[in-house]
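**Q** Residue-level listing of the chains:
Number of protein chains: 2
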Amino acid sequence: MNYPDQLIAYYQTVAEECVPGLSLDCVIFGFHDTRLKVLLLRWKETNEWCLPGGFIYKKESVDAAAGRVLHERTGLNQLFLQQFHLFGEAVRYDREDTWQRQKMPMPFGGSWPDRTISMGYYALVDYTKVTPTADFLSDECVWCEVGDLPSLLYDHRQIIDVALQTLRLQLNWQPIGLNLMPEKFTIPDLQRLYETVLGRSLDARNFHKKITGLSILTRLNERRTGGAYKSPYLYQFDQTNYQKALVNGNLIFV
Amino acid sequence: MNYPDQLIAYYQTVAEECVPGLSLDCVIFGFHDTRLKVLLLRWKETNEWCLPGGFIYKKESVDAAAGRVLHERTGLNQLFLQQFHLFGEAVRYDREDTWQRQKMPMPFGGSWPDRTISMGYYALVDYTKVTPTADFLSDECVWCEVGDLPSLLYDHRQIIDVALQTLRLQLNWQPIGLNLMPEKFTIPDLQRLYETVLGRSLDARNFHKKITGLSILTRLNERRTGGAYKSPYLYQFDQTNYQKALVNGNLIFV
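First to last, the sequence lines map onto chains A and B.
The opening position of the first sequence corresponds to residue 1 in the UniProt record's numbering, with each subsequent residue numbered one higher.
The opening position of the second sequence corresponds to residue 1 in the UniProt record's numbering, with each subsequent residue numbered one higher.
Identical copies carry no separate label here, and so any pair may be met within one copy or between two of them.
Distance condition first, Cα-Cα at most 30 Å in a straight line; then the derived DSSO-like pairs of lysine-lysine:
1) 244 / 210
2) 129 / 184
3) 58 / 103
4) 209 / 244
5) 103 / 44
6) 230 / 184
I should point out that these hints are in silico values taken from the structure, not numbers from a laboratory.
Work out the full structure, taking the sequences as your base and the hints as a guide.
**A** So, in structure tokens, the structure goes:
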């Protein structure tokens, strides 16, 4: 079967086996070399990119479908996968234009609903543990820098923007870092992550005071040596308190 | 047309005019007499209750549909209406049982999808400004105490629970109170709201320090008199800073 026929067959199968008119998109964030990255797929035979995503089988929960997509694209069984926004605009993007950029067979033969609403999920993953894996609709699956995104299909640029806003807000009340940081790290390392997500620099003393005040860190009897400055202590996340803070928030009103 | 026929006609219209398989449910919170309340509808000719909700017209955004439902049930044009969770379980509740409790005409004649996924929204509204208005599916629309809920249809008990958890988490990073409190209030009044939402008592000195530290309150040159204790100052929300905090969070990491 040639690719256009494969495509039509794929969408035909989706129309038969999946919940109609609902899709999901996963914004998978990783942190590497002081850069925030997001996992993207390049649409087959084009220079157009999109988020990993998919559809929900008729007897599958939407959350389970998101976990499945994440697993298929990364190899991970992720614990921290979070709904963040339903993209439910009446017209989310220019369909004709998008199909042309995707080199869709036109007129598109599938019995496709007029409108697809998409549930956005985001995940924070360990960059080093991911095996990016393309699906049959795409030529490659790679990490792209959030600050330097390529041309994106659909409304995926907006979906990434909203995910990023959510992540920034989340820093106000939930810890982040458990999956993004290596096992042992210094407070300045962690500050770099917060600064990258927030997109601005933070005062080091203030950050130190606030982050250690959250009881989510354990200081090790180890220092990082070899740097230009005095050797900073290494820290680990306190798993129990971290999980508690993830569920309950940082509890500033306790 | 008798009621069962009306029902069938209604669902037929929904099937024709609305997005298939997707609904929305609104958890509308109000605060009155130190109690947190939620707006509920009593299903026609039964003692079964449910949340205000509805469907999305084919050319309507999901957010706009939620605003429409909120307006129809309360008379309010609400600014703070927030998505909080997509209820996307493969089986959300026992349909047969629910239809029996609703006294649905059986077998139900509509061409109804096997599964309905529901987007949950919550709103915080001024109790005194609401005119609760039943729809044609219900006999009455009233405020019920969150701590003393009646028998609820579908998975609406769970939806309220998740909304409440979201609200509790939100206290960690976003202000609440603007729509829930009267225009002028004392810090102990506001503490009562926080305590009600959190379901536990808070230390008064600590609360005073933290809440005034958020820069969302303006102290007036007025005190409340006539109480048993020394007259406390009255406060108002600083609208600009409040709106900023709503969008950006309380910015504990600034």
